[in-house]
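Colleague: Below are the chains, spelled out letter by letter.
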Amino acid sequence: MAFLEINALRKRFGALEIIKGIDLTLEKGGFLVLVGPSGCGKSTLLNMIAGLESITSGEISIDGDVINDLHPSKRDIAMVFQSYALYPNMSVAQNMAFGMEMRGVPKPERDKAVADVAKTLQIEHLLNRRPSQLSGGQRQRVAMGRALVRQPRVFLFDEPLSNLDAKLRVDMRIEIKRLHHQTGTTIVYVTHDQIEAMTLATRIAVLKDGELQQVGSPYEIYNTPANLFVADFMGSPSMNLIEAKVSKTNGAASIVVDRPGAEPIVLPAPNSADATKLRDGGIVILGIRPEAVSDPESADRKSKNIATFASHVDLVEPAGSDTFVVTKIAGKEVTARMRADADVRPGQNVSFAFNLDKAVLFDPQTSRRV
Amino acid sequence: MSAADLITSPPAREPARHSNLTRVVIYGLLLLFAFVYLIPLVVMVMTSLKPLDEVTGGNMFALPHHLTFDPWVQAWGEARIGVSDTAGIAGYFWNSIKMVVPAVAISTMLGALNGYVLTKWRFPGHKLVFGMMLFACFIPFQSVIIPMAVILGYLGEIGNSLIDATGYAFGFGNPTVNLVIVHVIYGLGFTTLFFRNYYEAFPTELVKAAQIDGASFFQIFRRILLPNSTPIIIVTVIYQFTNIWNDFLFGSTFAAGDSSPMTVALNNLVNTSTGIVEYNVNMAAAIIAAGPTLFVYIVGGRYFVRGLMAGAVKG
Amino acid sequence: MTVSVAPTVVKTTRARRGLARQRLQNLLPKLVLAPSFILVLVFVYGFNLWTFFLSFTNSKAFASTHLVGLLNYRRLWDWTFQSDPPSNWYTAIVNMGLFGGLYVFFCLVLGLTLAILLDQKIRGEGILRPIYLYPLALSFIVTGTAWKLFLDPGIGLEKAMHDWGWTSFHFDWVVNPRMMIYCVAIAGIWQTSGFVMAMFLAGLRGVDGEIIKAAQIDGASAFQTYRRIIIPIMRPVFLSAIIILTHMAIKSYDLVLSVTGKNPGGAAELPSTFMYSFTFTRNQMAVGSTAAVIMLMTIAAIMVPYLYSELREKGR
Numbered sequence: 001m002a003f004l005e006i007n008a009l010r011k012r013f014g015a016l017e018i019i020k021g022i023d024l025t026l027e028k029g030g031f032l033v034l035v036g037p038s039g040c041g042k043s044t045l046l047n048m049i050a051g052l053e054s055i056t057s058g059e060i061s062i063d064g065d066v067i068n069d070l071h072p073s074k075r076d077i078a079m080v081f082q083s084y085a086l087y088p089n090m091s092v093a094q095n096m097a098f099g100m101e102m103r104g105v106p107k108p109e110r111d112k113a114v115a116d117v118a119k120t121l122q123i124e125h126l127l128n129r130r131p132s133q134l135s136g137g138q139r140q141r142v143a144m145g146r147a148l149v150r151q152p153r154v155f156l157f158d159e160p161l162s163n164l165d166a167k168l169r170v171d172m173r174i175e176i177k178r179l180h181h182q183t184g185t186t187i188v189y190v191t192h193d194q195i196e197a198m199t200l201a202t203r204i205a206v207l208k209d210g211e212l213q214q215v216g217s218p219y220e221i222y223n224t225p226a227n228l229f230v231a232d233f234m235g236s237p238s239m240n241l242i243e244a245k246v247s248k249t250n251g252a253a254s255i256v257v258d259r260p261g262a263e264p265i266v267l268p269a270p271n272s273a274d275a276t277k278l279r280d281g282g283i284v285i286l287g288i289r290p291e292a293v294s295d296p297e298s299a300d301r302k303s304k305n306i307a308t309f310a311s312h313v314d315l316v317e318p319a320g321s322d323t324f325v326v327t328k329i330a331g332k333e334v335t336a337r338m339r340a341d342a343d344v345r346p347g348q349n350v351s352f353a354f355n356l357d358k359a360v361l362f363d364p365q366t367s368r369r370v
Numbered sequence: 001m002s003a004a005d006l007i008t009s010p011p012a013r014e015p016a017r018h019s020n021l022t023r024v025v026i027y028g029l030l031l032l033f034a035f036v037y038l039i040p041l042v043v044m045v046m047t048s049l050k051p052l053d054e055v056t057g058g059n060m061f062a063l064p065h066h067l068t069f070d071p072w073v074q075a076w077g078e079a080r081i082g083v084s085d086t087a088g089i090a091g092y093f094w095n096s097i098k099m100v101v102p103a104v105a106i107s108t109m110l111g112a113l114n115g116y117v118l119t120k121w122r123f124p125g126h127k128l129v130f131g132m133m134l135f136a137c138f139i140p141f142q143s144v145i146i147p148m149a150v151i152l153g154y155l156g157e158i159g160n161s162l163i164d165a166t167g168y169a170f171g172f173g174n175p176t177v178n179l180v181i182v183h184v185i186y187g188l189g190f191t192t193l194f195f196r197n198y199y200e201a202f203p204t205e206l207v208k209a210a211q212i213d214g215a216s217f218f219q220i221f222r223r224i225l226l227p228n229s230t231p232i233i234i235v236t237v238i239y240q241f242t243n244i245w246n247d248f249l250f251g252s253t254f255a256a257g258d259s260s261p262m263t264v265a266l267n268n269l270v271n272t273s274t275g276i277v278e279y280n281v282n283m284a285a286a287i288i289a290a291g292p293t294l295f296v297y298i299v300g301g302r303y304f305v306r307g308l309m310a311g312a313v314k315g
Numbered sequence: 001m002t003v004s005v006a007p008t009v010v011k012t013t014r015a016r017r018g019l020a021r022q023r024l025q026n027l028l029p030k031l032v033l034a035p036s037f038i039l040v041l042v043f044v045y046g047f048n049l050w051t052f053f054l055s056f057t058n059s060k061a062f063a064s065t066h067l068v069g070l071l072n073y074r075r076l077w078d079w080t081f082q083s084d085p086p087s088n089w090y091t092a093i094v095n096m097g098l099f100g101g102l103y104v105f106f107c108l109v110l111g112l113t114l115a116i117l118l119d120q121k122i123r124g125e126g127i128l129r130p131i132y133l134y135p136l137a138l139s140f141i142v143t144g145t146a147w148k149l150f151l152d153p154g155i156g157l158e159k160a161m162h163d164w165g166w167t168s169f170h171f172d173w174v175v176n177p178r179m180m181i182y183c184v185a186i187a188g189i190w191q192t193s194g195f196v197m198a199m200f201l202a203g204l205r206g207v208d209g210e211i212i213k214a215a216q217i218d219g220a221s222a223f224q225t226y227r228r229i230i231i232p233i234m235r236p237v238f239l240s241a242i243i244i245l246t247h248m249a250i251k252s253y254d255l256v257l258s259v260t261g262k263n264p265g266g267a268a269e270l271p272s273t274f275m276y277s278f279t280f281t282r283n284q285m286a287v288g289s290t291a292a293v294i295m296l297m298t299i300a301a302i303m304v305p306y307l308y309s310e311l312r313e314k315g316r
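Chains as they are written, first to last, in the numbering used here: chain A, 1 to 370; chain B, 1 to 315; chain C, 1 to 316.
None of these hints come from the bench; they were simulated from the model.
Idealized CB from N, CA, C, for every residue including glycine.
Keep in mind that a hint or two might mislead.
To be verified - Some chain B residues well away from chain A (every beta-carbon gap over 10 Å; in silico):
1) Ala34
2) Asn59
3) Trp72
4) Lys98
5) Phe123
6) Val150
7) Gly167
8) Gly173
9) Asp213
As the list claims (entries may be wrong) - Below, simulated DSS-like cross-link-like pairs (lysine-lysine); rule was C-alpha separation at most 25 Å, straight line:
10) A:Lys119 - A:Lys177
11) A:Lys74 - C:Lys251
12) A:Lys177 - A:Lys248
13) B:Lys127 - C:Lys30
14) A:Lys332 - A:Lys358
15) A:Lys74 - A:Lys28
Looking at chain A on its own, in the form it has when it is part of the complex (with noise of 0.2 Å):
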């Protein structure tokens, strides 16, 4: 059984309904992040687990226990918030310790949690400063120091880091993955970062309008997504989508991509494709990253399923440590992503290399990987 269980949940605001059966689990000890855009439902999920919106249907229990009408004290959780929701009028120490105290956690138990995890954080320097006079980073830190002190079975993280500027932001992305590692907790953390979510999670939830698009490893997430929305929402530059057809010979499978004025492209079936599900004829979509776009030179050694052909380039971009190169194919623009000091101009015909061991085909029809 698993540590964290959703089952079926729904939540209702009258007719509208934002949560729409959500089945979800977590192994004791794991990082789930729930992302997805803005209005996906994944802050109203957080917030169900945690005992702050209540639950239409379906069921949300920890480690066997159904939580589904418990306060949200005696859930046993804690829970840091985007605004990091630390009380103006407490000093740190006050604010790190009321939860005990509203518990009645006598005094010296208190100051002694409280000097513990401010240790661990190293905030002990804080501890009698107003949140005000704290920075963004402080402040922060402080937020998960609250939370550390009531030792709970499972820490809530609601966008944690979006107030922060970017390099703040990963610093703090790295502390908190240090601090699962050393105190091996169960982590439920929203964002709409794909880049926090790639990085923190052992395993991320996917949503759109309150129903799970896809649940799996970063890995499986990135290198296999369920459907034509995680592929476009799982990474940076997102995926190239290129609308292509299928050419069955002797049930080998091709994908053909049609250019006007050109040469068309043919290119063998990637591997993650099941075969068999290909129709001669009809239409797919290639989703490959840009980081299996390349040129000739930088593509993986390894793969054996390498197609080269040559197009016109758009546009280039250096971002220092590569050069994303646009062309357009079928329409559609394409990112590649090549050597940092690729010789590439506009205007010019260039080489592209697709690995086609990286690239999945989607159904136009059900947007669902085949």
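Here the structure of chain A is known, so what remains is to put chains B and C in place on it, guided by the hints.
Modeller: For chains B and C alone, coordinates are given in the frame of chain A:
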């Protein structure tokens, strides 16, 4: 930024550059207006410091020849108010204090709780409830005054029978208690409005965090919201204090004779039809009546303005 | 999972107790709000209905339940057109129009003028602004007392002008029954225009500075910028100010009594004083109630749409 903060902030933009002549005209107009707004108060003060013959015989803009504080002494402790035997307005001043302090305290407290519920513990229909309470701020009191008089009359009868039975009225029928009740009820709309708008902007995540920390409904209010409500408490207290102190309609209807509040006594004093009109004493009494609210205005002007604006445009 | 009976029982009873407590917790917010709401329901809405009911009775000195249909309304309707000799209600309506119109108009004009003047980066704004605002802290009774003295021809302005040699100066409005209502308006404008100034000043300073810069780059003069850009942007402030002022004008009561000295002969009658004197001194409670209902309806017609739109706009 609230409307009141905007007033005290300098213009966000580069001021239009004016020629020197234009600037002179602008300053001239502003000073002229300032003079017009100040002159009634100045005349009041000067009149209150003159002997009566100097008031009736002299120029009201002239400085006092024989500076005297007698009118103040008379107004406070000796002047006859209407048909009452009580001398001076001192007693009425204390009537007002006894009425204002509990009425302000109770209506502010209730307003804070209402605002807390209406923003942080919403239920279906919360908007309708708030809308109904808000409209109560704006009704003409003429439309409730007759039923109120009837009800307060009943309370008085209950008080009389209680006196017969126990020798003590327990506040029933007491004019001050009546006025406190009336002012609390008809002030609720405003206090609720103030606190609702303030708590509306108060981060709900703090309430959620406190819930997870295990704080109860009242603990969240007392430990999280109230300690962070000082500005709005000041605004509300000042607003309610000014309104209740300055009320005349309720005071003149529900408290007669010796139990009248200050405004009613002042009106009786000024409009006494017997004897000669002692303008200097009247003015001294008027300044005393205006004293507390003027004091509050001078001390807490910023909060005073904020309350005014919040009562007019809710934003 | 192994099933053991005893712990399950313990768990359910505990859960049940917890549930009951939680239900109470869920009810608590409503319980806290209820007293206030019930007070408002009874003492505002109930009382309004009560007054409404009284307006259909023949109540005299005491409330009666004898219904007379629309008689009181018909009476007020007839009085509305009885101008010679003027009925009290006719005087009240005419005065309301005069007082209300002057009060709203001049408060707006003065308020806007002062706000625009103050908005020119004035040195000493911090001193001037409170001077325009302080009358708001005074009660209407104090304001009336001051203005009654100030305008009294025997000792006030007229006398001072005569002393200074302007012997033809004549200003006796405050003791002239036909002109009294104008004095009430003067005192009212003096008291409230500062408030309107504050509203406009807040509006002016809320205008996005970049819009003004854009207008300046487009070559608009200061006057043009105000007339074409800033004042149109402040239309909502005008609306708020007009509504608040109109509602205050209708509710004006104390000011009339104190400026005129208890409204001699009903010369400065307004619906509010009409209601009061018919109810409490003339023992015609039913007529007073009818006037009160008409006042309430007028204010509701102004305030309800305004509050509705304000609440909806916030939309939260």
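Colleague: Against which earlier hints does the structure fall short, listed by number upward?
Modeller: 9, 11 and 12
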